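Q: Make the full structure from the sequences, and use the hints.
Heads up, the sequence shown is in UniProt numbering, so the first residue is 1 and it goes up one at a time.
Simulated from the structure, these hints should not be mistaken for lab results. Among the clues, some could well be false.
[What the hints assert, rightly or not] Ranges between beta-carbon positions, derived for each pair:
#1 D43 <-> Y358: 20 to 30 Å
#2 W254 <-> D316: 46 to 56 Å
#3 P317 <-> L93: 15 to 25 Å
[Unchecked claim] Below 16 Å or equal to it, Euclidean Cα-Cα: the simulated EDC-like pairs (lysine to aspartate or glutamate) are:
#4 K320 <-> E370
#5 K103 <-> E46
#6 K248 <-> E24
#7 K320 <-> E331
#8 K96 <-> E46
#9 K60 <-> E183
#10 K84 <-> E32
#11 K60 <-> D45
#12 K150 <-> D6
#13 K103 <-> E115
#14 K103 <-> E183
#15 K88 <-> E32
#16 K383 <-> E321
#17 K248 <-> D20
#18 K150 <-> E121
#19 K77 <-> E100
#20 K60 <-> E100
#21 K103 <-> D117
#22 K96 <-> D43
#23 K60 <-> E46
#24 K103 <-> E71
#25 K19 <-> D272
#26 K96 <-> D45
#27 K251 <-> D272
#28 K11 <-> D272
#29 K248 <-> D272
#30 K383 <-> E331
#31 K340 <-> E262
#32 K77 <-> E95
#33 K251 <-> D348
#34 K103 <-> D45
#35 K11 <-> E121
#36 K84 <-> E24
#37 K96 <-> E73
Computed from a prediction, not measured in an experiment: that's the story for all the values here. Ideal Cβ placement from N, Cα and C applies to all residues, glycine included.
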Amino acid sequence: MFALTDASIAKESTPAPEKDVYLENFFANLEETWYNGIQWTPDDDEATINSGFHWSGPVKIAVLDTGVDLEHEDFTKSARRRTKIGRKRARRLPEKTQRERIKAVRNFVGEPGEENDVTDEFGHGTHIAGLIMSIAPRAELYVAKVSTGKELSEAQETGKAPSTTNKRKSRRPVEEAIRWAIEQNVNIINLSLGFSQLGSYELNLALDDAVASGIIVFAAAANHGNNNAIAWPARSPNLAICVSSSDKFHKLSWFAPQPSPEFPMFVAPGEDVWSQWPTNLGGGFRKMSGTSVSTPIAVGMAAIILGFLNMTNEWDPQVKETWLGRIHEREIRRTRGMRKLLAHLCRDRNGVKILSPYLMWEDNHGIGDEPLQALNLIARPFKSMKG
1 MFALTDASIA
11 KESTPAPEKD
21 VYLENFFANL
31 EETWYNGIQW
41 TPDDDEATIN
51 SGFHWSGPVK
61 IAVLDTGVDL
71 EHEDFTKSAR
81 RRTKIGRKRA
91 RRLPEKTQRE
101 RIKAVRNFVG
111 EPGEENDVTD
121 EFGHGTHIAG
131 LIMSIAPRAE
141 LYVAKVSTGK
151 ELSEAQETGK
161 APSTTNKRKS
171 RRPVEEAIRW
181 AIEQNVNIIN
191 LSLGFSQLGS
201 YELNLALDDA
211 VASGIIVFAA
221 AANHGNNNAI
231 AWPARSPNLA
241 ICVSSSDKFH
251 KLSWFAPQPS
261 PEFPMFVAPG
271 EDVWSQWPTN
281 LGGGFRKMSG
291 TSVSTPIAVG
301 MAAIILGFLN
311 MTNEWDPQVK
321 ETWLGRIHER
331 EIRRTRGMRK
341 LLAHLCRDRN
351 GVKILSPYLM
361 WEDNHGIGDE
371 PLQALNLIAR
381 PFKSMKG
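A: Pasting the structure below:
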């Protein structure tokens, strides 16, 4: 799996993330977008039934990776806030601990009886899960362990196929995890991984079914530069949104592949990004680089947009219908529609779509923006464009 096992990982942990001016500024701006622009309240954490809203409650995200450290000390707290407005609002509108926001887990690579053991033996999955919870304050996670990470790294080093027991030879962990995510009714799937070749017929069908079920799929582009093609499914626009990495100057990272003219490539910070690291591997926080790191950042930003649309305290169904309409909103909640919206909100640089931390407020990110103005901006590409 590209992106998952070829990410660059720091060798030592630290008790807390070290500050990087560029990254701190990016995440602080993204945090202010949530707390200043989106008027979310605890009432919106409850899914509204028979109220005229088709979509409500927290955004549900499936993370298919190497598992997660459920006992990490930092997960006993709510996600760290970087800004004064973030800390103030988080105190006034209490947020759940990160552990409480991990709603379900499943192991798809373990032996029988280990289905609920998602111990992260590699670190990648814990890092990704922590990033998403930090960016999208009230999103909920569904974690699927689809790799130990170690067996793939060993295979890359030795050139031999990963060893499997007889009980696991017939397993198709990514496909099974996608099916599980569909059953959990998630809104987004994070694939910080990819394959050099097209996936199996069954895996293609699983992704097809996820997209048809209204699930938005994000996938990493891989970290091998132009030595090979963009990883699959990131290079299949019918199945996923392609995410790559940028440096602090918003240029493609040195390890990122060049964009394809056949589909848009979105970029988010992906160099030396700090997040939680499993206790059994040193604990604390470590920095990691790769398109697998950029992917959860893009996912978190999409979750903020869906969280905004899920609000029920700012407008009644008729007002929302007038400004956006259920048909357009349904489209936004699918892979193709979210791609169109993000492309509309992005700055384009030589075919690369640069994700802005201001999202709908890119041109007007002052405090107190009217939510309906942002709703109108969201609707614009769907009302003025065909296809």
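Q: Against the 16 Å threshold, does the CA-CA distance of K84 and E32 hold or violate the hint?
A: OK: K84 and E32 at ~9 Å, within 16 Å.
Q: Holds or violated: K103 and E46, Cα atoms, limit 16 Å.
A: Distance of about 14 Å is within 16 Å: holds.
Q: CA of K251 to CA of D348, is that 16 Å or under?
A: At roughly 11 Å apart (the allowed maximum being 16 Å), D348 and K251 satisfy the hint.
Q: Within 16 Å, alpha carbon to alpha carbon, are K60 and D45?
A: Holds, at roughly 11 Å.
Q: Between D43 and Y358, is the Cβ distance one that fits in 20 to 30 Å?
A: For D43 and Y358 the Cβ distance comes to about 26 Å; the hint holds.
Q: Starting from K150, check that the Cα of E121 is at most 16 Å away, please.
A: holds (8 Å)
Q: Does the structure keep K96 and D43 at a Cα separation of 16 Å or less?
A: OK: K96 and D43 at ~13 Å, within 16 Å.
Q: CA of K60 to CA of E183, is that 16 Å or under?
A: holds (12 Å)
Q: Is the Cα-Cα distance between K11 and D272 16 Å or less?
A: Given that 16 Å is the threshold and the Cα spacing comes to 12 Å, the pair holds.
Q: Would you say the C-beta atoms of P317 and L93 sit inside 15 to 25 Å of each other?
A: holds (24 Å)
Q: Please work out if K103 and E71 have their alpha carbons no farther apart than 16 Å.
A: Holds, at roughly 14 Å.
Q: Checking one constraint from the list: CA of K248 to CA of E24, max 16 Å. Satisfied?
A: holds (11 Å)
Comparing the model with each earlier hint shows no violations; every hint is respected.
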